[in-house]
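Those sequence lines, one after another, are chains A, B, C and D.
For the first sequence, the residue numbers in full-length UniProt numbering are 1 to 476.
For the second sequence, the residue numbers in full-length UniProt numbering are 1 to 476.
For the third sequence, the residue numbers in full-length UniProt numbering are 1 to 476.
For the fourth sequence, the residue numbers in full-length UniProt numbering are 1 to 476.
A portion of the hints provided could be inaccurate.
Same chains, same label: a pair holds when it works inside one copy or across any pair of copies.
[Claimed, not checked] Mimicking BS3-like on lysine-lysine, the simulated pairs with C-alpha atoms at most 27 Å apart in a straight line are:
| id | residue 1 | residue 2 |
| --- | --- | --- |
| 1 | K317 | K70 |
| 2 | K402 | K72 |
| 3 | K411 | K159 |
| 4 | K70 | K134 |
| 5 | K391 | K367 |
| 6 | K67 | K317 |
| 7 | K134 | K351 |
| 8 | K72 | K352 |
| 9 | K72 | K374 |
| 10 | K402 | K351 |
| 11 | K367 | K351 |
| 12 | K159 | K374 |
| 13 | K367 | K352 |
| 14 | K67 | K244 |
| 15 | K411 | K134 |
Since the hints were made in silico from the structure, they are not lab data.
Since this is a predicted model, take the numbers as computed values, not measurements.
There are 4 protein chains.
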Amino acid sequence: MSNEVRSLNEECGVFGVWGHEDANQITYFGLHSLQHRGQEGAGIVSNDEGTLIGYRGLGLLSDVFRKPEKIKKLTGNAAIGHVRYATAGSNGIDNIQPFLFDFYDAQFALAHNGNLTNATTLRNELEQDGAIFKSSSDSEVLMHLIRRSNADTLHEQVKEALNQVRGGFAYLLMTSDCMIAALDPNGFRPLSIGQMVNGAYVVASETCALDSVGAAFVRDVNPGEIVTISDEGLSIDVYTTDTKMAICSMEYIYFARPDSDICGINVHSARKRMGRQLARETSIAADMVIGVPNSSLSAASGYAEESGIPYEMGLVKNQYVARTFIQPTQALREQGVRMKLSAVKSVVRGKKIILVDDSIVRGTTSKHIVRLLKEAGAAEVHLRIASPPLKYPCFYGIDIQKQSELIAAHKSVEEMRAIIDVDSLSFLSETGLIDSIGLNLDASYSGLCMAYFNGDYPTPLYDYETEYLANLTAEK
Amino acid sequence: MSNEVRSLNEECGVFGVWGHEDANQITYFGLHSLQHRGQEGAGIVSNDEGTLIGYRGLGLLSDVFRKPEKIKKLTGNAAIGHVRYATAGSNGIDNIQPFLFDFYDAQFALAHNGNLTNATTLRNELEQDGAIFKSSSDSEVLMHLIRRSNADTLHEQVKEALNQVRGGFAYLLMTSDCMIAALDPNGFRPLSIGQMVNGAYVVASETCALDSVGAAFVRDVNPGEIVTISDEGLSIDVYTTDTKMAICSMEYIYFARPDSDICGINVHSARKRMGRQLARETSIAADMVIGVPNSSLSAASGYAEESGIPYEMGLVKNQYVARTFIQPTQALREQGVRMKLSAVKSVVRGKKIILVDDSIVRGTTSKHIVRLLKEAGAAEVHLRIASPPLKYPCFYGIDIQKQSELIAAHKSVEEMRAIIDVDSLSFLSETGLIDSIGLNLDASYSGLCMAYFNGDYPTPLYDYETEYLANLTAEK
Amino acid sequence: MSNEVRSLNEECGVFGVWGHEDANQITYFGLHSLQHRGQEGAGIVSNDEGTLIGYRGLGLLSDVFRKPEKIKKLTGNAAIGHVRYATAGSNGIDNIQPFLFDFYDAQFALAHNGNLTNATTLRNELEQDGAIFKSSSDSEVLMHLIRRSNADTLHEQVKEALNQVRGGFAYLLMTSDCMIAALDPNGFRPLSIGQMVNGAYVVASETCALDSVGAAFVRDVNPGEIVTISDEGLSIDVYTTDTKMAICSMEYIYFARPDSDICGINVHSARKRMGRQLARETSIAADMVIGVPNSSLSAASGYAEESGIPYEMGLVKNQYVARTFIQPTQALREQGVRMKLSAVKSVVRGKKIILVDDSIVRGTTSKHIVRLLKEAGAAEVHLRIASPPLKYPCFYGIDIQKQSELIAAHKSVEEMRAIIDVDSLSFLSETGLIDSIGLNLDASYSGLCMAYFNGDYPTPLYDYETEYLANLTAEK
Amino acid sequence: MSNEVRSLNEECGVFGVWGHEDANQITYFGLHSLQHRGQEGAGIVSNDEGTLIGYRGLGLLSDVFRKPEKIKKLTGNAAIGHVRYATAGSNGIDNIQPFLFDFYDAQFALAHNGNLTNATTLRNELEQDGAIFKSSSDSEVLMHLIRRSNADTLHEQVKEALNQVRGGFAYLLMTSDCMIAALDPNGFRPLSIGQMVNGAYVVASETCALDSVGAAFVRDVNPGEIVTISDEGLSIDVYTTDTKMAICSMEYIYFARPDSDICGINVHSARKRMGRQLARETSIAADMVIGVPNSSLSAASGYAEESGIPYEMGLVKNQYVARTFIQPTQALREQGVRMKLSAVKSVVRGKKIILVDDSIVRGTTSKHIVRLLKEAGAAEVHLRIASPPLKYPCFYGIDIQKQSELIAAHKSVEEMRAIIDVDSLSFLSETGLIDSIGLNLDASYSGLCMAYFNGDYPTPLYDYETEYLANLTAEK
């Protein structure tokens, strides 16, 4: 289901362009296609012949830049932008990116997608050494590290800084002279390079943003790489060779747009294969297959094709955003859910339904959807989840850090089935997921971060180690 | 495609509830599910023990009622609401409904979906007789007629007034004592009655609004009926027996929500049948069927099922509204289109595609979509339209009054094919459409208004007669 | 004291210009200088070659027209404008003037300063006859009367309508062809005509507005006159000869700007004479004279000059508006008063003070000011009021309609002195006021409305008669 | 004249309270009475049992805190606040104070009135050492110096930091445990301590703020002092003994509120003495004395009393703020001026006028006012300025840093007279000013900063030295 309904949130998308006279508008277009990666803040910094000019605000991109003059003021041939998902307690304007730093000798703009695992340690050390942070965001740490580096060139300073931060990060920096992109050693977050017809280079969190501005795909940024784009063109270096690809499997399952390719694999197609595999693993006779709109429609159509059971539109999503300000009485709460999703009575009445969803976080939304279908007259509802049970938090950039909220961390599949009140419940297997995505780097390694499902984090957790272990203990 | 992209617009939706302590919130929920019928203004008037309290504003419902206190102030056990599509030149706050009239001896609230064909004549006559209008809306005429009636009771006054107006109208009125609904003699616009668990009656433009508030469907309002709901319950009368059902076929084709039932026929199912019939009428070999999201997905899946050609997600709609304030340069215009819709390259590349859309108005959007698919690598695109060519304007409540803008009014199918730059183009036949909807009242009469396709208007056009004829002449 | 502090409020100011290409901006300037006459709403209607264009909003003029485009859209060579004081219960946008009426055969803009005494009767009669009002304002009645008139010309229709309304009114109308000003038969409200260098005519509630746009004073509009300004120039007619001048004495005492001339008498000078007369009537030895800023400064300086006692700045008014949203605790309430006015400790400490104020309404503000001075160390405070005690409500356009709120209506001067907690209290005599203003039309008639002080209303009270008598009875 | 009209602007006011449960509202009241010291931004930080909570925004205090919840959220028993005048190019939200700093081990709030003369040098040094600034304000420097200090206690760290900054500063800091006030070694800016009835301590830029919250005056903060207020009470220390009082003379002449006492001298009384002295120094026969409202009214009344010439209200200031968005045509520009100030024709017509103003900056406003009077019929206008000619910029916190804009820096008195187009022009002498203020610390030293008049800056100018000398050279 959509972001509005449940609490599984991507933390940000980045976009940058270098070498186009409409850099501000191109960045606006690019960010618009990345809006699903963060809806609580947006900003753009442009580069007008060496001078950086920024604007940022709370809310959707279209709200932040509602007045045309906001965009028009961001003149110049290069720009970077950011859409942000704000985690609780850090939702002030100060944390909206790109950060713009004005030094007596330089300007920097910084945008970050991901989450550092040693940010607290680094920040405390820096503050003990006199540093003052302008935000509560962990993204700002990198700037301090760069400015305190004693390396001779900016390029070396950035590399030195990148070697000090840990976790998941796709960084986009801009200075007077260049745009710099860098990816963490595990490539947790996607980051791609494209090129426009006029030669301008584009960097974006997803390839859908390249398409949206008419840029041709050049290549993905690889783990450990630092990419510099300037008037001299594109150059790629590595800041570390100690890398191991572990791209976030949730990007394929839920986050990324279906028209994006991640590591060369189309998201819609991967989801359709997940649906097909799910049908193979969890076969059941039924009258129809229904997907939860919009994110599960690909998987549902795959399930339908594989099973031969008709694919029907049994749920309709209201395309208008429902504000949640109304605190309904108990009697009205059910109606609140109906504002977002409706069951099509004439389609589902008396039918045995296979309901395909991409994942289950708390289980509350699933429960509501099932009730909608049953009230509309569905005879049976069999819930099929196109991914394995979510049991462990993410520390690399997705907002599911509280394990206590994950229903699968505490309940068996049968218990979940009973809570959600569904006739049967099955999940895709881990190997089924890996095979469906099909990234497999070699026979023995998936190339994916599967920690949400099995707790096998590809890196040490640093600042989160204690918290994580405490959670584990508390829950036993 | 969605309302944002093309200029085929419903003019309004109405909702009312009588007898529920949460009348304000229920009306909000109901209107939210009717938001697709009008996005440019919204309002609610509640009835607190005989005193009417109103609030209205420009924009989406969620914008108008952004502050919770706006809803909270609308206290009482009954309410009516309205979402409005503003036609050009009449988009001020004064025209947002429901209108609230304060007389020394009574209060009235009035909401209207439809378009009167003799409003100008009536208004001029009334003004000649000293009347002063508070809005430029034709909806207000009814109130003047009611107040000037010499009939003894309000009920008779309303009936007398209803017999003076012509055209398409679904009215919803509220006084201190009752809520009154009335439908025009041809039933051009849909209007349904529901009942909540506590016995409260609900009236709404579409049944999806009944579902959204958990109300059971009672019956549709019939042409020529006047329905009165008060603390004494529901009573139904007729103000005229000179009626002939002619429900707007575009409600089935494009406007209504797929989960609504109109005259007992589910919209999604009707669209799926249109798609099936379209496949039968316009068969062609291809690799996949793609629907234009979101309104054409039902027809596309019907086409796919009937033809046996796989249904694929080749186009992705951005779920975030793109503001159109940016006036892109020539070079950027193509990118503006891409903000709303993206082609999925990995799906369409090298493929022969059947593209299903519900209708063609100007043809410009179709042209853009086809180009998107071709640029993404589609080998062939065959456009199939799940309705006949739109050639004539509507005078009963849909904003396609300028015939000059309808491409099918001036071009042959082959000319359109060339303009849209598609490999082949076919439309559903009129009889195919009628059969797919399946309302057929008897063997010889479809029960539908098909004037958009064949110019056979079910009523005289009154004030529009001259304009209509002039258009016809000018275009020859 | 200023309007912010007490509840004695003028109801509106009007301004119009005919024949200047900057009509919109001139009207803005003119209204700005009349802002003290109404702060709760403002609007302007311009005339662009016969087409009327309007904009209005709630709040101060500068808030309503905060965006420059709001003014720019009001194109044309003529315009009328209005600033409004909203009485309780009628503060919606619908009541903001100028009203703009669109008829099939004409457009009208209407602005009104004053209060009709037979508005309710007229409105009820009109509604019984089918009329629908767009506002709750009594100003709209005139338009209905005009439109229902059977007279042959607009000029005669307006005259006929003017003869039906009663009370206090200064009307400003605009049509495609002309601007019409009219004053009630008693001339309760001021209204003046000016002319700009280019020949354009200007009409305004006060002459300060003529000065503010550089217009020369031509003459005042007289009671019973109807003034028509068009491209043919200025023409003056009378709609009634049954007139008797009774200009509101409170305009001189408190409302009007000191730089305005009303009926040829400068307001500042009149106030200074009131202060001089007050000194003669209520002499007392003291260390200094202090005026309550800003409206009483003229009277205070007159008092000081006449008495020979030094005039000092013992009270300072904060020039920034204090919003009253903060609901202070009991302990903070005193501090709330201090936000608006401060006593200058070093000036008043240990001193015997004569405090001059223009009038007393409820007495609460006076009490607060006296306490401020005493807390600042004043040894004695002798309050001198530059007008007689306010005992009766106004029905002609000033918001003091509730007699129960007037302290002087219920308390003796000694009782008031004790309540206000002042060492002595004296008022200017009625004859002292009349002589100070000096309008005296002849030896036996002041030419002023003095009803606030003596209850001698110059006209029957019509709709207010019963209410007025009931008040009188209730209070005995 | 008022701040709206000319470009002589105070840079900020500070207010703090410690030990009162209504700390947020008290700070709001206090800042409201300091609003004249800065209108372009405001903020408050409260201390709720050790946790600092802040809110700040652009615009007037009443705009920033328009919504009551903004104040309500600032809970706790202590608070500091700031009103800001934003110098050109630094008017973003980032620069609005108080600054709130969140460290892993502490929180700080910082508010500053004044201007540092070595801020650029310090900032560059700090940045070279890795510091990152969150604003472009020089106020932030102090925080970096404190955090980088190696002293053992916060108290010593602050003292160490204070000894590194140069120029004019009144600082107000708040931590979890205490509120700290500090004044520069010359006491350029005023800063006073008060105490409320409940024992709570208050610190404010002017004593009028103490009065506004009902606090008794305790004592002024002296040059070089650091004052600490905590739950243990008030303690005063010095961070330097190298001090020499040089309070800004412009505070007496123009900036401070007339009801404030600065260094024990009432501002209104000082201005009245300046007017008296001006009369003695520049005597001339005339019909009346008129002051430019509001800041020159005290001086004008002093002039009138001393000269025996009547004091009249010949100019009226519009109490409503005129927005300057309208870009008037040449023909309308004169009318723009009239929006702020009006001449009272009946008072000035045919009269010989002594016009008293407090100072002349560019001369353009004086020229406009003189024209107003002459157009209103004044026979002669003799301009008397209650301070010496302004020839030199201020570097300690007043925004007159561009010497090129000061008319008196480039023109003789006779040249100025001709430009302003006045019949005669005279200024108060320097000794006359010094004697009128009467601070004289000893026979040989005024205790005032008189640099604006004579260029004798009490300190080295550091970062401004070069700029200042360049100006001097360029102008010769």
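Each hint, compared with the structure:
no., hint, result
1, K317 to K70, "between (33 Å within a copy, 26 Å between copies)"
2, K402 to K72, "neither (41 Å within a copy, 31 Å between copies)"
3, K411 to K159, "neither (44 Å within a copy, 59 Å between copies)"
4, K70 to K134, "both (23 Å within a copy, 22 Å between copies)"
5, K391 to K367, "within (18 Å within a copy, 47 Å between copies)"
6, K67 to K317, "between (30 Å within a copy, 24 Å between copies)"
7, K134 to K351, "neither (57 Å within a copy, 52 Å between copies)"
8, K72 to K352, "neither (55 Å within a copy, 41 Å between copies)"
9, K72 to K374, "neither (52 Å within a copy, 32 Å between copies)"
10, K402 to K351, "neither (37 Å within a copy, 45 Å between copies)"
11, K367 to K351, "within (18 Å within a copy, 40 Å between copies)"
12, K159 to K374, "neither (57 Å within a copy, 42 Å between copies)"
13, K367 to K352, "within (17 Å within a copy, 41 Å between copies)"
14, K67 to K244, "neither (44 Å within a copy, 49 Å between copies)"
15, K411 to K134, "neither (42 Å within a copy, 47 Å between copies)"
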